[in-house]
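Visitor: Here the protein sequences come in this chain order: A and B. Sequential numbering of the first sequence, starting at 42, is according to this note's numbering. Sequential numbering of the second sequence, starting at 27, is according to this note's numbering.
Because the hints were derived from the structure by calculation, they are not lab data. Don't be surprised by glycine CBs; every beta carbon is placed ideally from N, CA and C. Possibly wrong hints are sitting among the right ones.
[To be verified] Label-pair restraints from in silico Cβ distances:
1. G118(A) <-> Q143(B): 47 to 55 angstroms
2. M72(A) <-> D74(B): 54 to 62 angstroms
3. D179(A) <-> S151(B): 34 to 42 angstroms
4. K191(A) <-> N214(B): 24 to 32 angstroms
5. R88(A) <-> A235(B): 22 to 30 angstroms
6. R102(B) <-> S91(A): 20 to 28 angstroms
7. E85(A) <-> N138(B): 21 to 29 angstroms
8. K124(B) <-> M72(A): 55 to 63 angstroms
9. A235(B) <-> D179(A): 16 to 24 angstroms
10. M66(A) <-> E69(B): 46 to 54 angstroms
11. R88(A) <-> L168(B): 16 to 24 angstroms
Single-letter residue listing:
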Amino acid sequence: MSKFRKKKKGMPAVNTAALPDIVFMLLFFFMVTTTMRETDLKIENPRLPSASEVKKLEHKSLVSTIYVGKAKDLKYGSGFNRIQLNDKIATSDQVPAFIINARSKVSEAEVPFMTTSIKADKESSVGTITDIRLKLRDVNALKISYSASKASEAN
Amino acid sequence: MARRENPEINAGSMADIAFLLLIFFLVTTTMNVDSGVSKKLSEKPPADYVPPIIKEKNIFEVNINRNNELLVEGERMDIKELKAAAIAFINNGGGEGKVEEGVPTGPCDYCNSVRKQDEPQSSESSSDHPNKAIISVESDRLTEYGTYLTVQDELLRAYSELRNRLSIQKYQIPFPELEESYKSDKNNESLKKKVEDIKTSYPQIISDAEPTN
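The following block holds chain B by itself, in its conformation from the complex (with noise of 0.2 angstroms):
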């Protein structure tokens, strides 16, 4: 009888079979990557800081009581409404800007080109010029914080639509790819100063006050 020699399995495929599960997992797995609002806190002041006299008419006042609900320069506001009131009030425009570094940056000129038809003209009530504008929000310690995020968010949503219509007018570029294109790019100067031209025509300038009880 002849003996047949047992044959070996061919193993060879079996590593490519590993590597293809290996290289899945390293492909599909993804670190949750933490996103948020980002917000930078203002320095604690001195003890003998005395705080600027600021014009009435250029604070936004915001206020959010215990119930969630949104008081807007003295009367009640429905969520909905506040980003379009705050672009209303930052894009005014109804006066001199102010003076940085000793150098007048003088009236808006970009507010009324930036302007929707169907917003309101430029008042004298209301703020002198987008760098003097403060919006200042007020909650109470019980507002619940998902609404005091979404007030952020509306406001932040107020200045970027403002910035981007600015960028499409001033550049024909909206304002996030314009962004995007700086951080693949951070040597570009000429870009740069786009950027920074976009950001400081339209500061945001949101201040937390201090709770109430």
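Pulled out of the complex, with its shape left as it was, chain A reads as follows (with noise of 0.2 angstroms):
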């Protein structure tokens, strides 16, 4: 009767072995996927103003950024004054149908509470922006938000 005879085992422990290998694997997704930025710039990237009154921009989905700024491609010349939209150096008309295509990835009900962007460079020239904000305001983009870094509250 000893072949039939129960062994007496407790419990067998669970292979944990592959438990590293699962989480190395996690550990290496979000490695890759996690991204700084979303959008290759074609401008330098722009040395912003400092300012002490910034808010921060909430809703990173309801912000679409437009640059400006020196191109680094040398065939637009070295003028701190280029936009770029998306991954596009553009001129200010395009600015209405850039807003109106980030409109259209939204819902109707948050178009209200989108904001745009501005980062420029110090050097940029008022002028650029303000061709930018009129044309922001012919399609009704009325908030903006003009980058700047925190600057420590002098006085």
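Join the two chains, each given in its own frame, into one complex according to the hints.
Guide: Next up, the structure:
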């Protein structure tokens, strides 16, 4: 009868050797998919002016960003007044189309809360910004935010 | 000879290490939050729109030329002095406030108490009431954007300082904190009233004039 004697054994240990693999896979997934910036900059990274009265922009999906600055590609000249919309260097005439395109991506109820963030270089000229502003007003995109870095409270 | 079995390496704590790494990255990854000076543009006026006539003394004129120099109310000024000048103008309270929905708001009854001692007293030649005081910024097309934004920032700081002073005086709490507590408790009617009260006492009226060429 010894052949059928019940083996006296406790609970068998669950093999956890594969658990690190799963966790590492998660880790790599997050590391790879996390992108810091969603658009390639065609202009040099704008040197933002600093201001103390800054507000944080909430609801990233409702923010469309317009970059103004010096183009990386020298064929656009070396002035600080190039406008980038999405992934392309553009002119201010294309701003309304850009805004309308951005609007089509959000639900209608959220359209009034959409903000346009203007990331412009310190040395860009006010004329360019004004052109953009007039175009934004034409399409009724009235909430704008002049992107600025937070300066420490002076005096 | 006794055959030794190959001992298995305990991989149980490997998961802990990996989890630790994962959690570390999850916590330290901050999405770059964009911040900036927010502004609301005015709506496009209809074609037949006639701008209202505003008294000269209720307009605070700031001009920035293409060399990034400031001309405030016809005089050259350093950007450091702009905030104080704007405060003096907004908080002048030299007359009657505007008529809102048929109800006149009367003279500014808080301007005097908000004014600091070393600031000029109210005069007839400056603004009537904070709700009538308009700041107009005119810049050249070739003005640097950095300067333009600094000017906007200084003007906004003037307003926040006045709001802050009034808030401390009326409710014994700095205005940013008052706003913060309202944000975290949106349904609190009394907080809402306080925030609205301070905001309407010093409405931010900054207009951008068409730039000159």
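Visitor: Does each hint hold? Answer for all of them.
Guide: How the hints compare with the structure:
1. G118(A) <-> Q143(B): 47 to 55 angstroms: About 54 angstroms separates the Cβ atoms of G118(A) and Q143(B), which means 47 to 55 angstroms holds.
2. M72(A) <-> D74(B): 54 to 62 angstroms: holds, 60 angstroms
3. D179(A) <-> S151(B): 34 to 42 angstroms: holds, 38 angstroms
4. K191(A) <-> N214(B): 24 to 32 angstroms: Because 28 angstroms falls inside the window, the suggested range holds.
5. R88(A) <-> A235(B): 22 to 30 angstroms: Holds, since R88(A) and A235(B) (Cβ atoms, about 27 angstroms apart) stay within the stated range.
6. R102(B) <-> S91(A): 20 to 28 angstroms: Holds, at about 24 angstroms.
7. E85(A) <-> N138(B): 21 to 29 angstroms: Hint violated: Cβ distance 51 angstroms, outside 21 to 29 angstroms.
8. K124(B) <-> M72(A): 55 to 63 angstroms: For M72(A) against K124(B), whose Cβ atoms are near 58 angstroms apart, the range 55 to 63 angstroms holds.
9. A235(B) <-> D179(A): 16 to 24 angstroms: At 18 angstroms between Cβs, range holds.
10. M66(A) <-> E69(B): 46 to 54 angstroms: About 52 angstroms separates the Cβ atoms of M66(A) and E69(B), which means 46 to 54 angstroms holds.
11. R88(A) <-> L168(B): 16 to 24 angstroms: For L168(B) against R88(A), whose Cβ atoms are near 18 angstroms apart, the range 16 to 24 angstroms holds.
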